[in-house]
Amino acid sequence: MKIAARGLPATDVQVYSEVAQLLDRRAALKHPPFSLTVSDPVALGIARLFRSTSLSGEVLDRFAAGGSVDSDELVEAARFEQGYASAEGYAALRCLVLWVHNRTHRTEQRSSRAG
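The sequence shown runs 1 to 115 under the UniProt record's numbering.
The set of hints was computed from the structure by calculation and includes no laboratory data. Owing to the predicted nature of the structure, the values given are computational and were not obtained by experimental measurement. Some clues are possibly wrong.
To be verified - Label-pair ranges, simulated between beta-carbon atoms: (1) Ala28 / Ser54: 17 to 25 Å; (2) Ala65 / Lys30: 20 to 28 Å; (3) Gly83 / Arg113: 24 to 32 Å; (4) Asp12 / Ala114: 14 to 22 Å; (5) Arg113 / Ala87: 16 to 24 Å; (6) His101 / Leu55: 35 to 43 Å; (7) Asp24 / Arg113: 19 to 27 Å; (8) Gly83 / Ser112: 33 to 41 Å; (9) His31 / Ser52: 16 to 24 Å; (10) Ala65 / Ala28: 13 to 21 Å; (11) Ser71 / Pro33: 14 to 22 Å; (12) His101 / Glu58: 31 to 39 Å.
Even glycine gets a Cβ: it sits at the ideal position worked out from N, Cα and C.
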């Protein structure tokens with residue numbers, strides 16, 4: 001499924017602030033909902049932080065630049081980058097994966113209602 005985010009990427013400070021707040025909120029819930037995730041600008045900001053010339057970095061770069069990418073490729077790229085990230089970076093990439101899952105879940109729900 002192709003996926004894209006709207007808006008401009010958040011700054012590094014905005015990314016880490018929203019990621020910390022989100023993780024605190026999710027930790028306080030026994031079963032956090034799919035919808036409890038980062039905003040589009042923060043998802044773009046996370047991707048911008050981890051873009052590079054590697055294959056996974058190029059997927060993140062296309063997404064951060066406002067392009068649409070395959071949701072599975074984006075999740076795979078984020079998970080790959082988690083292997084090399086700091087603890088804070090790992091958490092931010094996890095939030096990006098959660099954002100993708102929320103977006104694909106919403107799209108699937110809409111499709112099932114329309115069909």
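We went through each hint and held it up to the structure:
Roughly 35 Å separates the CB atoms of alanine 28 and serine 54, a value that falls outside the hinted 17 to 25 Å. The hint said 20 to 28 Å for the Cβ distance between alanine 65 and lysine 30, and at roughly 38 Å that hint is violated. The hint said 24 to 32 Å for the Cβ distance between glycine 83 and arginine 113, and at roughly 38 Å that hint is violated. Range check, aspartate 12 to alanine 114: about 39 Å between beta-carbon atoms, so the 14 to 22 Å window is missed.
Taking the beta carbon of each, arginine 113 and alanine 87 are about 39 Å apart, not inside 16 to 24 Å as hinted. In this structure, histidine 101 and leucine 55 break the distance hint of 35 to 43 Å, their C-beta atoms being roughly 22 Å apart. Roughly 33 Å separates the CB atoms of aspartate 24 and arginine 113, a value that falls outside the hinted 19 to 27 Å. Between glycine 83 and serine 112 the CB atoms are about 34 Å apart, so this pair conforms to the stated range of 33 to 41 Å.
Judged by the Cβ atoms, the range 16 to 24 Å given for histidine 31 and serine 52 is violated: they are separated by roughly 35 Å. The supplied range of 13 to 21 Å is broken by alanine 65 and alanine 28, whose beta-carbon atoms lie about 34 Å from each other. At about 19 Å, the beta-carbon gap between serine 71 and proline 33 stays in the expected band of 14 to 22 Å. Checked against the given bound of 31 to 39 Å, the beta carbons of histidine 101 and glutamate 58, roughly 22 Å apart, lie outside it.
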